[in-house]
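Same order as they appear, the protein sequences are chains E and D. Position in the first sequence (from 1) plus 88 gives the number in this note's numbering. Position in the second sequence (from 1) plus 32 gives the number in this note's numbering.
Please note: incorrect hints may appear among the correct ones.
Computed spacing ranges between beta-carbons, pair by pair [as the list claims (entries may be wrong)]:
| id | chain 1 | residue 1 | chain 2 | residue 2 | range |
| --- | --- | --- | --- | --- | --- |
| 1 | D | 180 | E | 117 | 51 to 59 Å |
| 2 | D | 97 | E | 352 | 46 to 54 Å |
| 3 | E | 307 | D | 86 | 36 to 44 Å |
| 4 | E | 192 | D | 276 | 40 to 48 Å |
| 5 | D | 233 | E | 278 | 38 to 46 Å |
| 6 | E | 150 | D | 138 | 33 to 41 Å |
The set of hints was computed from the structure by calculation and includes no laboratory data. Every residue, glycine too, gets a C-beta built ideally from N, C-alpha and C.
Take a look at the letters that make up each chain.
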Amino acid sequence: MATLLLGFFALVTLLPFIWMVCGSFKESEDFLEALFLPQGSGLFGIGWDRLTLDNYREIFTNERADIFNAGMNSVLLASLTSLLATLAAAMGGYALAKFKFRLRKPITALVLLTLLIPPPLLLAPTYQLLYWLHLLDTYAGLILPAAAPAFGVFLFRQAILNAISNDIIDAARIDGCGEARIFFSIILPLVRPMIGAFLMITFLAMWNNFITPQVILQTPENFPLAVAIVRLQEAFNYQEYGISTAATLFSIAPIACLFLLLQREYLSGLTSGAVKG
Amino acid sequence: MAQAKYRLHNPLAPYLFLSPFLFIIGVFFVYPLLQSINLAFHQTFGPGFQHFVFLDNFLNLLHDPLFWKALRNTLTYAVATLFLQIPMALGLALLLNQPWVRGRVFLRLIFFSPALVGPVFVGFMSTLVFAGRVGLLNRVLNWLFGFNPDYAWLQNHVMGALIIAGLWMYVGFNMIFFLAALQNVDGDLLDAARIDGAKAWQRFIHVVLPSIRPVFGFVVLLSLIGSFQLFELPFVLLNQSPGPDNQGLTIVMYLYQNGFEIGDLGYASAIGWVLAVILIVPTAFQRFYFGRKEEN
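When you get a sec, could you build the whole thing from the sequences and use the hints?
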C-alpha cells in the first residue's frame with residue numbers, strides 16, 4: 089500500500105517531464121494524435137520514424153527565438169554572479185564569525201534586517217537607481233545587486249562558527265601567516281561543502297530569476313533563458329508545442345546536471361538553516 | 033568568554049573582508065530601501081519624473097478594487113498551500129522515512145526535482161500541461177474518466193491550476209526539510225514508546241511531532257512567505273496577463289503592472305510596503321526563532 093502510494097507520487101512527479109521529452113521529438117500533428125510517442129510499425133508499436141529533431145534544430149537556429157544564445161547568456165550571468173556572491177559572502181561571514189571589532193554588532197544587525205525585507209519591495213527603487221547610474225539594459229545592473237547576498241553572509245557565518253576553532257587561526261598568525269592567506273588556504277578549504285551549496289543556490293537563483301532581467305534588460309540578444317522563453321511563446325503565437333517543450337528541456341537540463349554533481353552539498357546546505365544535525 | 037588583551041590581527045582586517053559586502057549592500061540595499069519610503073509618497077511617470085502626493089498612494093490602495101482582488105487571490109493561494117502542501121510534504125517524508133523503503137536516495141531525488149525548475153519554466157510547462165485538447169492533464173483525465181478533452185482550465189479555474197502547479201513544484205522541496213528533521217528524531221525515545229505499547233499514531237503525536245516542531249514552523253513560515261510573493265507562475269501561465277477577470281492577479285503582479293507597465297514606481301513602492309508589512313511578522317519570527325536555536 090505504502091509502496092504503491094510512493095510509486096504513484098513518483099509517477100505524478102515524473103509524468104510532466106516524460107511527456108515533454110516525448111513531445112520535444114514530435115511533429116506538431118503528432119502532438120494532437122498521441123499522448124506520448126506516436127504509434128507506428130516500429131519496435132514496441134511505436135512510430136520511431138515519425139520522430140524528429142526539427143524542434144531542437146529550430147531553437148538553435150531560428151532568428152526569432154535564439155534559445156541557444158539565451159542559454160549562453162544564462163550561463164555567463166549565473167556563473168559570474170554565483171562566483172562573486174560566494175566570495176563576498178564567505179569573506180563577510182568569516183569577518184563576522186572570527187573577528188572582534190567595534191562595528192560587528194551593527195553589521196550583523198544589518199545582515200538580519202536585509203533578510204526581513206521582501207525582494208519585490210526593492211524592485212521599483214532599484215530600477216530608478218539603475219536608471220540614474222546608466223546601468224539599465226546592462227549585465228552589471230543585473231549582477232551587482234545580486235553579488236552580495238546577506239543570506240550567504242549569514243550561512244557562512246554559521247558554517248565558520250561551527251567548523252573552525254579560533255586556535256587554528258591564531259596559530260597561523262603566530263607563525264606569520266597573513267590574513268589573506270589564512271582566509272584562502274585555511275578557512276575556505278574547511279568550509280568547502282558550504283561553498284558548493286552556496287554556489288549552487290546562487291547559480292540556481294540567477295538562472296531561474298525572471299522578474300529582474302524582465303524589468304532591467306531591453307536588448308533581445310542579451311536576454312537570459314527565463315526571459316527568452318517567454319518571448320518565444322509570443323513569437324510562435326502559443327501554438328508550437330514541439331518547439332516549446334524542446335526549449336523548456338534545454339532550459340532545465342543544465343540545472344539538472346549541476347544538481348546531480350552538487351546534490352549532497354546543496355541539500356545539506358539547504359536544510360542546515362532549519363535542522364540542527 | 034575571556035577577551036584577549038591585545039589583538040594578533042590588524043584591526044582593519046575585518047573591514048577589508050567585509051568591504052565588498054558592505055559596498056554592495058549600501059548601494060543596492062540600504063539606499064533603495066530608504067528610497068522606497070520616499071517613492072511611496074510620490075507618483076512617478078517612468079523613472080525620471082516624480083511628483084509628491086503624500087499619503088495618496090496608500091489612500092488609493094484602500095479603495096482600489098484590483099489591489100483587494102490581488103490580495104484575496106494571494107491569500108487564497110497561500111491558504112491552499114498551507115493546508116495542502118504541508119500535509120502532503122510531511123506525509124511523503126513519513127512514508128519515505130520508513131525503514132523498509134528501498135531506493136530512498138533515488139526517490140528523494142525524484143520528489144525534489146521539480147523544485148529545481150524555476151517558477152518561470154514551471155509556468156511555461158503549465159501552459160502546455162493545462163492546455164485544452166493537446167494538454168497533458170486533459171488527455172490523462174479523458175483517458176481515465178472520459179473527461180471533456182477541450183475543457184479550458186485556464187479560462188475557468190485559474191486558481192486551481194496555480195495551486196496544482198504549486199503543489200507539483202514545492203511538495204518535494206518541503207519534504208526535504210521534514211525528512212532531514214525526521215532523521216534527527218531520537219530513535220531510543222521511539223523504541224521506548226514502542227515498548228510501552230504506544231501505537232503508531234500515538235508515537236507520531238507524542239514523540240515525532242514534538243521533536244520536528246521547529247522544522248514544522250520553519251517550513252510553514254517559508255511557504256507562507258514564498259506564497260505571498262507569487263508572481264512568475266501565474267504571469268507566465270496566463271501569457272503575461274492576470275488572466276480572465278483578473279483571476280490570477282497577485283500582489284507582486286499588481287506591483288509589477290503598476291511599476292513597469294504603467295510606469296508609476298511610487299504606487300508600486302506603496303504596494304511593496306504593504307507586502308513588507310504583511311510579511312514582517314512571520315519573517316521576523318522565522319529568522320529570530322531559528323537564529324536563536326542555532327546559537328545554542
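Consistency of the hints with the structure:
For residue 180/D paired with residue 117/E, a C-beta distance near 22 Å fails the hint of 51 to 59 Å. One distance hint, 46 to 54 Å for the beta-carbon pair residue 97/D and residue 352/E, holds here, with the actual separation near 50 Å. In this structure the hint that residue 307/E and residue 86/D lie 36 to 44 Å apart at CB holds, the actual value being about 38 Å. A hinted range of 40 to 48 Å for the beta carbons of residue 192/E and residue 276/D is inconsistent with their spacing of about 54 Å.
At roughly 44 Å, the beta carbons of residue 233/D and residue 278/E sit within the given window of 38 to 46 Å. Range check, residue 150/E to residue 138/D: about 37 Å between beta-carbon atoms, so the 33 to 41 Å window is met.
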